[in-house]
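Chemist: Single-letter residue listing:
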Amino acid sequence: MTASTAAAPIAPATPPEQPDRPAPRKRASVGYWLLLPGLLWLVVFFVVPLYSLVATSLYDPEGSVLQGYDMTWAFGNYLDAVQNYWPPLARSLLYGGIATLICLVLGYVLAYAIAFKAGRWKNLMLVLVIAPFFTSFLVRTLSWKLLLRDDGFIVNTLQFLHLMGEDGRLLATPVAVIAGLTYNFLPFMVLPLYASIDKIDHRLIEAAGDLYSRPIVGFFKVTWPLSLPGVVSGTLLTFIPAVGDYINAELLGSPKQRMIGNVIQNLFTDANDYPAAGALSVLLMLLILAMVLVYVRRAGTEELL
Amino acid sequence: MSQVAEAPHRSSDAEGYEGLRIRSLTKEFASFTAVKSLDLDVPSGSFFALLGPSGCGKTTTLRMVAGLETPTSGSIELSGKDITWDKPYRRPVNTVFQNYALFPHLDIYENVAFGLRRRKSKEVDRSVREMLALVELESQTRKRPPQLSGGQQQRVALARALINSPEVLLLDEPLGALDLKLRRSMQIEIKRIQMEVGLTFVHVTHDQEEAMTMADTIAVMNRGVIEQMGAPAELYDNPQTTFVANFLGQSNLIEVEVRGPDGDLVTVDMQGTLASIPADRAHVASTPGEKAWVGIRPEKVLIAEIGHDIDAPGNSIPGGVVSDVSFIGVSTQYLVRMPWGQELQVFEQNTGRRRLFQQGEKVDISWRPEFAFLLDHNQDASAGVDRVDAAS
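From first to last, the protein sequence lines stand for chains L and E.
Once you know that position 4 of the first sequence is 4 in our numbering, the rest is easy, because the numbers rise by one and skip nothing.
Start counting at 1 in the second sequence, then tack on 305, and there's your number in our numbering.
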């Protein structure tokens, strides 16, 4: 992810127009030279680590950090990883999926309101959507810990309303983890959705009404299909990082809510089981890649990739 | 001012009126009134044009009929049924939008089928194919709108609305995005389709030629009100306001002083020459001493060498000097400066029987009294003149 975002500003490799120096041949080679920094960056920070990760995942599991690892093409690592860690893997997909769905519903309503109803407040509202990024991810998640704490305002209110038992809690529950994921990744959903919905010609919605569609039918027959590119990119931008996230589970959950990110982090830093951690990482990557491919194909928005 | 298009279709009460009936329709936006207490009867089966410059309220009127805009007050009835407050999707009315508003994510077939599918029609396929045949697009059914040319998109928009057999079809500047040549052929095409299907068409346009070519009744709108309504020839021959006189074609408007009625005629003093206008073409109170405008269309003005006979008894004015000559093939357009300083436009057909006049030549001009009209002097003589600028 880091690598691809870093490459993006460099990718449009055509040099700026220079009308006073028309040297077409030189210009063509300049394009390739401008590609170089991005390519170097990608090689150093994406290709090499990826290679290293895949290699690590195939090391002999009997080795250790101190003794070093032997490359034994131990594909069994993958089987072990699935057998030992399928519950957190499945939980990650579930939590990530639920958070993405909630983000989609909340984000769609918000993006729709900003695009069609906000009028002159449009820009202000967009700034507000992005505003949370001005503080660190960690700090924001820690504040959720305070908000959801056992005798905090929210828990007390829910208990007062008898929506929650006397000893009920929010922290260390799936609800807290999913809420945290939803909160943290909502902007990634709202922005692409907004970009898509804002482009829809309002007259198309009028035309649907003119052609006997109630507003709700018009929405599903016209607005929704035309916003699909935003829906697809928004859900991908939310789902992918949400599945791999471990901060929310770490800070807002308990060991029972461990996600795959926590497991990988634990295997790398505490258990020092590099092959297992590597196998899990590669597995997660392939799994998400496969799901994205199927999803994008089914949504009929291949041109996004 | 008559607001009823064709008297025979009229009935005294709303019940039983087959067509679109609008009463005291008003639309106020925050800062201005777009439509002021508009009354209108559109007989069923007619091709009706709302003609006016941009901002005259014609599109707002159309959108209120479609239900896309809520009136401030007034009523809209269709075949005796009040639809003023009905939601757009409940009205038996369809619109051809200005830029077509075709659904880009659906192919041509599905665009046309859209309305039928919403109404759960059983005969979608047969109807769609018939309709696509009517607009000659059978071979394009599986293309998406952006793959079609402007004229084809126009026809899809027409088919998409027509297929629902609306009681009234609304066309909002339907040809505005097409080039001149295509526009001419689409005008004829739309007129053909209207005759074929026999539905009521209400057509909004700022193009007077388009309105005259297509419509059987035109209502000329200006600043939220209808200035005059009638058949194209009637509006052109006998305009009742300076706006209509200038907006629909061109007119020479000459300041005169009314002398008084004289039988079927009204006599006026036109800058020292006595002239007369038929009483039914005088749209002013014929009080002696009152100022008024005499109007005459440029092609009705005859031009001759001094002293030569002009085939136009009455209204003959001497002392003109040709100040400009534009030869444009089928006709020649003269500007003739009159003794009182005004330049009159004169169009003459190039029949080949007469020579061209030269710039600076002294001429007499004249016209038959039955072609002139008399308009209220309180109206701006240049109202509606700059329509070309307003339209672009």
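No wet-lab data here; the hints were simulated from the structure.
As the structure is a computational prediction, the values presented were derived from the model and not from experiment.
Be aware that one or more of the hints could be misleading.
As the list claims (entries may be wrong) - BS3-like, lysine-lysine: derived pairs with alpha carbons at most 27 Å apart:
hint	chain 1	residue 1	chain 2	residue 2
1	E	K486	E	K448
2	L	K117	E	K448
3	L	K199	E	K386
4	L	K117	L	K256
5	E	K341	E	K392
6	L	K199	E	K667
7	E	K425	E	K486
8	E	K425	E	K448
9	E	K427	E	K448
Chemist: All hints, please: hold or fail.
Modeler: Taking the hints in turn, this is what the structure says about them:
no. : hint              : in the structure
1   : E/K486 <-> E/K448 : holds (25 Å)
2   : L/K117 <-> E/K448 : violated (33 Å)
3   : L/K199 <-> E/K386 : violated (38 Å)
4   : L/K117 <-> L/K256 : violated (42 Å)
5   : E/K341 <-> E/K392 : holds (22 Å)
6   : L/K199 <-> E/K667 : violated (64 Å)
7   : E/K425 <-> E/K486 : violated (39 Å)
8   : E/K425 <-> E/K448 : holds (24 Å)
9   : E/K427 <-> E/K448 : holds (24 Å)
The structure is inconsistent with the numbered hints 2, 3, 4, 6 and 7, although it conforms to all the rest.
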